[in-house]
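Colleague: Take the given structure of chain A and dock chain B to it, following the hints.
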Amino acid sequence: GESVGLHLPTLSVQEGDNSIINCAYSNSASDYFIWYKQESGKGPQFIIDIRSNMDKRQGQRVTVLLNKTVKHLSLQIAATQPGDSAVYFCAESHSLYSSASKIIFGSGTRLSIRP
Amino acid sequence: DSGVTQTPKHLITATGQRVTLRCSPRSGDLSVYWYQQSLDQGLQFLIHYYNGEERAKGNILERFSAQQFPDLHSELNLSSLELGDSALYFCASSVKGGVNTGELFFGEGSRLTVL
Numbered sequence: 001g002e003s004v005g006l007h008l009p010t011l012s013v014q015e016g017d018n019s020i021i022n023c024a025y026s027n028s029a030s031d032y033f034i035w036y037k038q039e040s041g042k043g044p045q046f047i048i049d050i051r052s053n054m055d056k057r058q059g060q061r062v063t064v065l066l067n068k069t070v071k072h073l074s075l076q077i078a079a080t081q082p083g084d085s086a087v088y089f090c091a092e093s094h095s096l097y098s099s100a101s102k103i104i105f106g107s108g109t110r111l112s113i114r115p
Numbered sequence: 001d002s003g004v005t006q007t008p009k010h011l012i013t014a015t016g017q018r019v020t021l022r023c024s025p026r027s028g029d030l031s032v033y034w035y036q037q038s039l040d041q042g043l044q045f046l047i048h049y050y051n052g053e054e055r056a057k058g059n060i061l062e063r064f065s066a067q068q069f070p071d072l073h074s075e076l077n078l079s080s081l082e083l084g085d086s087a088l089y090f091c092a093s094s095v096k097g098g099v100n101t102g103e104l105f106f107g108e109g110s111r112l113t114v115l
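Protein sequences appear in the order of chains A and B. Under the working numbering, the first sequence is numbered contiguously, ending at residue 115. Under the working numbering, the second sequence is numbered contiguously, ending at residue 115.
With the rest of the complex left out, here is chain B:
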C-alpha cells in the first residue's frame, strides 16, 4: 500500500459528460502529480501541484483541469468527455517534509470508460 488513495476506482460515463477524480496523497506529502495511461501505453504527464500551487503542466487538454486543496488532496476534472479520454488516471505524491527525492508514490488509479 503506497498510502495514496484514489477514488473512484472505476467510472463509466457517456460522451459529453463531466467527471471528477479525487486523490488523497500520502500523509505529509506536498506534491501531487497526475498521469494518464491509455491501454498498453506509457504514463502521460498531465500536471503537478506543490502545496496548493500549480507547478508544471504537461500535455493536458483544455477540457481537463485540476486543483490541490489546502488539505493537500487533489481533484482532476475532465469535461466534455470523448471516447479517447478512456484511460487509467494515476495520481502520485511525493516531497514529504519539503524534501524532493523524486520518488513518486502512486495510487492504484481511476479507470475511466467513456461510452
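Isolated chain A (complex conformation):
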C-alpha cells in the first residue's frame, strides 16, 4: 500500500546550525511532495512543495531535495531558529491534478532546537 515514512522520529539541532529532515516514500506513482510543519496545539502548515519533474526547490531558509531513484526527499532548514521547533511531516500525492487526490502524510519528525 501507499506509505510515506520518516527515517528519524526526533532530531535535536543546535541553534544556528542547519537541519536536515529525511523522508522515504514507497509509491513510485507519486508525482507531488509537500512538507508541512505542525507546532504544538495547531494544525499543520504548508512549508514547501516539489513536483516530480524537479529535484530541488528553494524557499526562504528551506530547501527540498527529491531523489526519485531511491524514493527519498529531504527538507533542509538553514540557520535553525527556536521558532523552527515543531513536528515536520512529508506528504505525497499521485493524483493531484485529477481533483480526486489523496494527500498521504508520513509519521513526522520532531525537531528540537538546543540553545
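Derived lysine to aspartate or glutamate pairs resembling EDC-like cross-links, with alpha carbons at most 16 angstroms apart:
no. : chain 1 : residue 1 : chain 2 : residue 2
1   : A       : 68        : A       : 55
2   : A       : 42        : B       : 108
3   : A       : 42        : B       : 1
4   : A       : 102       : B       : 103
5   : A       : 102       : B       : 53
6   : A       : 71        : A       : 55
7   : A       : 102       : B       : 54
Just the calculated beta-carbon pair ranges, DEER-fashion:
no. : chain 1 : residue 1 : chain 2 : residue 2 : range
8   : B       : 77        : A       : 115       : 42 to 50 angstroms
9   : B       : 9         : A       : 55        : 39 to 47 angstroms
10  : A       : 78        : B       : 67        : 38 to 46 angstroms
11  : B       : 69        : A       : 41        : 24 to 32 angstroms
12  : B       : 75        : A       : 114       : 38 to 46 angstroms
13  : A       : 40        : B       : 8         : 14 to 22 angstroms
14  : A       : 42        : B       : 61        : 20 to 28 angstroms
These aren't lab readings, by the way, just hints derived from the structure by calculation. As the structure is a computational prediction, the values presented were derived from the model and not from experiment. Just so it is clear, CB atoms sit at the ideal spot from N, CA and C, and this is done for glycine as well.
Modeller: What follows is chain B alone, placed relative to chain A:
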C-alpha cells in the same frame, strides 16, 4: 489563521455514542479533506470531497461517514464510538478557484475523547 474553522474544538463522549464534527473551509475553497491524528502519530487520511462530491477515500472506518454540503461546509460523522477513536480530527481545504495547488489549509482540529 488559516481561514478554516472547525467545531467543536473539544468533545468528550462515551463509547457507543455518535458525534458530528463540522468544518467550514476557506472562502472559495472547493476541496475538503479530513484527517485523523492519534497521540504522537501522523495524519491518517480519511476522505476527500470536492465541490460536494466524494473524490477519494483513505482508511476510513465504516462507522465513519462524511459529506460536503452545497455551501461547501463539511461534516464528519463518527458513530458507535470506541476508545480507540479518541484523536484529533483535522479538516483541511484547498482548490480556490478550481486550481489545485496541493497546498492544504488546516483548521485547528477537533479533539475527541471517548471514555
